[in-house]
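S.K.: Residue numbers (the working numbering): 825 to 1095.
A few of these clues could be false.
[Said to hold, decoys possible] The list that follows gives simulated cross-link-like pairs (lysine-lysine, DSBU-like), each with its CA atoms no further than 30 Å apart:
1) K993 / K933
2) K1063 / K933
3) K887 / K993
4) K948 / K933
5) K1029 / K1063
6) K927 / K948
7) K993 / K1063
Treat the hints as calculated values from the structure; they're not laboratory data.
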Amino acid sequence: MDLATIIGIISGIALMTWAIFAGGTLSAFIDIPSAMIVFGGVVAATLINYPLSKLASLMKIIKIVFTEKPIEAGDVIHTIIGLAETARREGLLALEDAAYQLKDDFMKKGILLIVDGTDPELVKNIMETELAFLEERHSEGQGILETMGALAPAFGLIGTIIGLINMLKNLDKPELIGPGMAVALITTFYGALIANMFFIPMAGKLKVRSREEILVKEVMIEGILSIQAGENPRIIEEKLKAFLAPDNRKRMGSNKNTESGEDVAWQQTAK
């Protein structure tokens, strides 16, 4: 689980609850019609905006927000170095067995392409095309949550307008104006809360996850092409470390193991 997401949601809800109880009661902030306007309106408008096939994967998309990234660039680099050592010692054909041990389909595909003797430029084009469409699929998921984040405050405002219209009909009854205004504002509260506490931050977390995965895939592409070119494993390692931040390079160096090509069994699972 991603602790940052869990801590953020729990702390946000806790602070909101504390603020509510500090100045009133929780029941004053519960209004079913207001919730129906906001949540129902967001769902309805999102259904209009996106095909049902795209929305069917929404829960899977949200799950990514609550999970740690499954692939570390440092682990990928160690694996590539091991594969490079095998290729340098036994030739590219020896990588076929190691490729089937890999759990990441993207990397497996690249290794099998070079084992088959595919032209380096074609290998690069194939993998970069797949990476481009991966990024596009990620942006679709981000777009859904960003759309919901934009719609929620709008429907909160719509609910407030509805509440104010109903309140103005009762101007001859002063005792109903205060409660009516409170109900009208609750709808705005709901819209702003779910947009800024959930939808927009979740879209932001998906962007971070997407950038992390794309970086890892770029490391894979560069490493696979370097193996195909027959470069020295130490040179490949230094080249791939350039993709990492300085702190990650130091951490990778301190945790460096001595894998041999035959022991490559990278078990990270890709999304």
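S.K.: Determine for every hint whether it applies to the structure shown.
M.R.: Structure-based check of each hint:
Of the pairs offered as hints, the one joining K993 and K933 is violated, with about 67 Å between alpha carbons and a cut-off of 30 Å exceeded. A threshold of 30 Å between alpha carbons decides the hint, and for K1063 with K933 the separation of about 21 Å falls inside it, so the pair holds. For the proposed pair K887 and K993, the alpha carbon gap of about 45 Å is over 30 Å, so the pair is violated. Under the criterion of a C-alpha separation no larger than 30 Å, the hint pairing K948 with K933 is consistent with the structure, at around 12 Å.
At roughly 28 Å between alpha-carbon atoms, K1029 and K1063 fall within 30 Å of each other, so this suggested pair holds. Of the pairs offered as hints, the one joining K927 and K948 holds, with about 20 Å between alpha carbons and a cut-off of 30 Å not exceeded. Of the pairs offered as hints, the one joining K993 and K1063 is violated, with about 72 Å between alpha carbons and a cut-off of 30 Å exceeded.
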